[in-house]
Amino acid sequence: AQRVTQPEKLLSVFKGAPVELKCNYSYSGSPELFWYVQYSRQRLQLLLRHISRESIKGFTADLNKGETSFHLKKPFAQEEDSAMYYCALSPEGGSYIPTFGRGTSLIVHP
Amino acid sequence: DAMVIQNPRYQVTQFGKPVTLSCSQTLNHNVMYWYQQKSSQAPKLLFHYYDKDFNNEADTPDNFQSRRPNTSFCFLDIRSPGLGDAAMYLCATSRVGSAGGSHNEQFFGPGTRLTVL
Chain V
1 AQRVTQPEKL
11 LSVFKGAPVE
21 LKCNYSYSGS
31 PELFWYVQYS
41 RQRLQLLLRH
51 ISRESIKGFT
61 ADLNKGETSF
71 HLKKPFAQEE
81 DSAMYYCALS
91 PEGGSYIPTF
101 GRGTSLIVHP
Chain D
111 DAMVIQNPRY
121 QVTQFGKPVT
131 LSCSQTLNHN
141 VMYWYQQKSS
151 QAPKLLFHYY
161 DKDFNNEADT
171 PDNFQSRRPN
181 TSFCFLDIRS
191 PGLGDAAMYL
201 CATSRVGSAG
211 GSHNEQFFGP
221 GTRLTVL
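Here the protein sequences come in this chain order: V and D.
Just so you know, we're using the working numbering here: the first sequence kicks off at 1 and counts up by one.
Just so you know, we're using the working numbering here: the second sequence kicks off at 111 and counts up by one.
Accuracy of the hints is not assured; some may be wrong.
[What the hints assert, rightly or not] Per the computed footprint, the stretches of chain D lying under chain V, defined by three or more beta-carbons under 8 Å from a beta-carbon of chain V, are:
#: 1; region: 145-156
#: 2; region: 178-188
[To be verified] Below, computed lysine-lysine pairings styled on DSBU-like, alpha-carbon distance capped at 30 Å:
#: 3; chain 1: D; residue 1: 154; chain 2: V; residue 2: 73
#: 4; chain 1: D; residue 1: 148; chain 2: V; residue 2: 9
#: 5; chain 1: V; residue 1: 57; chain 2: V; residue 2: 22
#: 6; chain 1: D; residue 1: 154; chain 2: V; residue 2: 65
#: 7; chain 1: V; residue 1: 9; chain 2: V; residue 2: 22
#: 8; chain 1: D; residue 1: 148; chain 2: V; residue 2: 73
By construction, these hints were calculated from the structure, which means they are not laboratory data.
All of these numbers come straight from a predicted model, not from anything done at the bench.
The beta-carbon is built from N, C-alpha and C at its ideal position, and this holds for glycine as well.
Throw the hints in and build the complete structure from the sequences for me.
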């Protein structure tokens, strides 16, 4: 069975500092990985997905199959990045049932 | 804007009193999901519909039921809410099976926060 681990429950940084939210997974095949974000009083929404290989709001994430990781990074954090971040995995073969990590709360201080 | 709507946003019920939460979508997605999310925990999938096919997670209590009368609407029925059922309930949708587009991406509603007195 697949599993997603986000080791940090809370990550606190100052504005302008680099930020890395960790995500590790266990899955024997080739997964599809996502990062979802939930800003205060807003709905959960997709931030980025590994197959797109794009940068959204300055965030990037690279799938490292050797380390089974999909860490989310941003070189310079902004206050508006404060939110709850969830890493999610969908198995290969087009399965539509994702597994979510428990989430990391990012707080960016001014 | 196409979206996922949940009503009500806040629901208070009494211990043992049945309650129904509703979800509607204008995205014309074929899959709809219900999640339960408790404080500081990941969303926990309760069940989902692939078109009209209902799929229950193995550990979803019998107390939880769902209905999907048409593509746009999906309901979560809690027959006899207990104190442990107090949580945020999230509805989500996705389009599965189409070429390109947002395959596997889920679109979430704002959630309904259930309080059990």
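Status of the hints after comparison with the structure:
1. 145-156: Per the Cβ count (5), the hint holds.
2. 178-188: violated (count 0)
3. D:154 x V:73: Given pair residue 154 (chain D), residue 73 (chain V) holds - Cα atoms ~26 Å apart, limit 30 Å.
4. D:148 x V:9: 14 Å, holds
5. V:57 x V:22: 18 Å, holds
6. D:154 x V:65: At roughly 25 Å apart (the allowed maximum being 30 Å), residue 65 (chain V) and residue 154 (chain D) satisfy the hint.
7. V:9 x V:22: At roughly 10 Å apart (the allowed maximum being 30 Å), residue 22 (chain V) and residue 9 (chain V) satisfy the hint.
8. D:148 x V:73: Distance of about 27 Å is within 30 Å: holds.
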